[in-house]
Amino acid sequence: GAGVSQTPSNKVTEKGKYVELRCDPISGHTALYWYRQSLGQGPEFLIYFQGTGAADDSGLPNDRFFAVRPEGSVSTLKIQRTERGDSAVYLCASSLWAGTGAGNEQFFGPGTRLTVL
Amino acid sequence: KQEVTQIPAALSVPEGENLVLNCSFTDSAIYNLQWFRQDPGKGLTSLLLIQSSQREQTSGRLNASLDKSSGRSTLYIAASQPGDSATYLCAVGRKASYDKVIFGPGTSLSVIP
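First to last, the sequence lines map onto chains A and B.
So that you can map any letter, position 3 of the first sequence is 3 in the working numbering, and since no number is skipped, the others follow by simple counting.
So that you can map any letter, position 18 of the second sequence is 18 in the working numbering, and since no number is skipped, the others follow by simple counting.
Hints are computed from structural coordinates only; laboratory data are not their basis.
Think of the CB as a built atom: it goes at the ideal place given N, C-alpha and C, for glycine as much as any other residue.
Incorrect hints may appear among the rest.
Calculated pairs, EDC-like style, for lysine to aspartate or glutamate (alpha carbon to alpha carbon, straight line, at most 16 Å) [as the list claims (entries may be wrong)]:
no. : chain 1 : residue 1 : chain 2 : residue 2
1   : B       : Lys100    : A       : Asp56
2   : B       : Lys100    : A       : Glu14
3   : B       : Lys1      : A       : Glu44
Have a look at the derived ranges for each label pair, beta carbon to beta carbon [claimed, not checked]:
no. : chain 1 : residue 1 : chain 2 : residue 2 : range
4   : A       : Arg84     : B       : Gln81     : 37 to 45 Å
5   : B       : Gly60     : A       : Asn62     : 15 to 23 Å
6   : B       : Ser110    : A       : Leu96     : 41 to 49 Å
7   : A       : Gln41     : B       : Ser110    : 15 to 23 Å
8   : B       : Asn18     : A       : Arg81     : 34 to 42 Å
With the Cβ distance kept under 10 Å, some of the chain B side facing chain A (calculated, not the full set) [to be verified]:
no. : residue
9   : Ser12
10  : Ser28
11  : Asn32
12  : Leu49
13  : Tyr76
14  : Ala78
15  : Ala91
16  : Lys100
17  : Val101
18  : Ile102
19  : Phe103
20  : Gly104
21  : Ser108
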């Protein structure tokens, strides 16, 4: 089935390096979300796209984190100068749209496990 | 600020038992509430979605209820099976900010054969 996919599934990098994490949403879904999940905790909201624009990026922890969705489909989460504290599972989700009514159900990808050494 | 809590944090039951997982949220202005299952090392699988206008949803052995006024949702699992062992997360869609979904910390369920 054509669910949400994320690549890579695992990424190991060294402190200070740059990484990119990719999310392919379900075809036709206009809303795309990024979350970060630390061990033993629920996912934490990072950023949300409606179409090509970031409707809310208030969850990004600092300016080392940036995300794009240039054509309103695939999204890339970019992390500069990685730190050990960035180690977590990064989850992507998509929905038909956000807000009230049918179609706001979020479907999640398998996640990318990022380890910063 | 919306805060979501889940009780208990962990639960171990014998196979066949009926059980209830609890989710509480502080701001009743929500547009939906979603229950997810997460297996170790895996992503999230949506189990049930309750829109703010609904009181409950059912799927197979699962039933989720929503009481917005009291800020509570429960997930009822009937006749539990070892395959139900996983972490169960609830997530609340905040009406004031349609884009932001707040997750609870999860309940880790273990069903013993």
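inquiry  = If you test the structure against every hint from before, which numbers come out violated?
reply    = Per hint list: 2, 5, 6, 8, 9, 10, 13, 14 violated.
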